[in-house]
Amino acid sequence: MNFTNFDFDQLFSMSDDTNPLMMLVWILPIILFVFYGQQIQLFVTSREIKKGIAKLDSFREESRTELINYLKNNLKVKDDHLKKIDKFLDYFTIMPVDMDPNGIVDKVQHTVRSREDYTRTHVKSMSLEMSDIELTKVQTLLEIASSLQMIYKIINHMFLTAKKQNNYPLILPLQMILPFIMEQAEAMKDAIPAFKSGQPVGDGIGPMVVGKMMLEHQKENIAFQTSLSQIDFEGRKLFLLKAEGPGSTVGRPADALETITMKNKIDAIIMVDAALKMEGEDSATTAQGFGAAIGGIGTERFQIEAIATSKKIPIFSIVIKQSVKEAITLMTKEIADTAEDVRAQVFEMIHENTSQGQSVLIIGVGNTAGVPQ
Amino acid sequence: MIFSKKKITTAYTVEKCTKCGTLTKRKFHDGDVLFTKSTKCNSCDGLTRIEKIFGETIEQ
Chain A
370 MNFTNFDFDQ LFSMSDDTNP LMMLVWILPI ILFVFYGQQI QLFVTSREIK
420 KGIAKLDSFR EESRTELINY LKNNLKVKDD HLKKIDKFLD YFTIMPVDMD
470 PNGIVDKVQH TVRSREDYTR THVKSMSLEM SDIELTKVQT LLEIASSLQM
520 IYKIINHMFL TAKKQNNYPL ILPLQMILPF IMEQAEAMKD AIPAFKSGQP
570 VGDGIGPMVV GKMMLEHQKE NIAFQTSLSQ IDFEGRKLFL LKAEGPGSTV
620 GRPADALETI TMKNKIDAII MVDAALKMEG EDSATTAQGF GAAIGGIGTE
670 RFQIEAIATS KKIPIFSIVI KQSVKEAITL MTKEIADTAE DVRAQVFEMI
720 HENTSQGQSV LIIGVGNTAG VPQ
Chain B
6 MIFSKKKITT AYTVEKCTKC GTLTKRKFHD GDVLFTKSTK CNSCDGLTRI
56 EKIFGETIEQ
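For the record, the sequence lines run as chains A and B.
Under this note's numbering, the first residue of the first sequence carries the number 370, and numbering increases by one thereafter.
Under this note's numbering, the first residue of the second sequence carries the number 6, and numbering increases by one thereafter.
If you are wondering where the hints come from, they were derived from the structure by calculation, not from laboratory data.
Certain hints may be false.
Computed cross-link-like contacts, PhoX-like style, restricted to lysine-lysine with a CA-CA straight-line distance of at most 25 Å [unchecked claim]:
id, chain 1, residue 1, chain 2, residue 2
1, B, Lys12, A, Lys702
2, A, Lys588, B, Lys21
3, B, Lys24, A, Lys565
4, B, Lys21, A, Lys702
5, A, Lys690, B, Lys12
6, B, Lys10, A, Lys419
7, A, Lys447, B, Lys10
8, A, Lys565, B, Lys12
9, B, Lys21, A, Lys646
To spell it out: a stretch of chain A is covered by chain B in this simulated footprint if at least three of its residues, at any positions, have a beta carbon under 8 Å from a beta carbon of chain B; those stretches are [to be verified]:
id, region
10, 409-415
11, 668-674
12, 701-708
Don't be surprised by glycine CBs; every beta carbon is placed ideally from N, CA and C.
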């Protein structure tokens, strides 16, 4: 039998004189894909995921090294710091049972604050000469390293489980979610230099706007890591609130609001915060709206909403749009340039929504790293 | 990936003279903090205050 005399007309024909080699060309892949399709897809997808996991592993290692180097070079740390850091990196938080959601917010807040307090105390014990600003920096770097470690562990676990069971449907959601995870992880890794140098990040635009308004005015500590100034503006009393900078913290604006409203009658609350932009939206654009503009796990927002509702205080918000990466890395020029415009919008909002003799609370929400008041 | 360009971000500090309002842009130095009074103004005898700290990214 001569296998070399085929012509292309025969390729698509299924007549009796079809070349047997051509038949094999069609039939073999069909058999291969019917019986081994999932395995082939698993192989191709696995290669992509493995690359992602290798990247996550390098981010995890890099963030740990950066943290250790920062401690070694900037603070006189005790000899057992490596052991302590590795212990901190593996800490987990078990969220409260939510089968009965009544009182869940208080429970979540208690768990999260307990973790923060514990970490703060133990990080401080690593060096005798650690200032409060340095402490917030180390805590933030530790949170980044710990989050990257957790992301790596979860993704690696999901991948290895799928591989172990040769389970393609199990690897599919991982493949779909990986680009989002990688975006977050890369943003976290890129955030390290800004926090180390004490530079403002994109999320700090709210504190930056309010911090400038607080300059040259008397400040008081109203809640943990939270600063307040009272100023007069065209017959109105303004309460200016932000996390205490230039350390890396978001403060406790809800606790501060509770204290302020116990002693004063507030007629309006204006919140200024960074917000995640949608795909297609331009960075550094601003938008106004209603309701409490504050991120995080939701406990602060719950508390602010509860106080505002009980006292019937309207909440207005101004948000500055940005991507995940822009929010936690060094502030971009475009975002920094909006500060003056946002400040003008705040004053316009005060004019439009309050009258003389009233009091307004303005909260600059966000991480206040590198932004004093 | 072989076509992706390397991105380099440089941090800058913008100082504003509190007297004449002149803006000066320079590279970020360690210890620069927003709103702190910094150096003497080049145009007048006023003091400058750090107005902005931001990063600019260029692709290589």
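Original post:
Can you list which hints this structure breaks, lowest number first?
Top reply: 3, 7, 9, 10, 11
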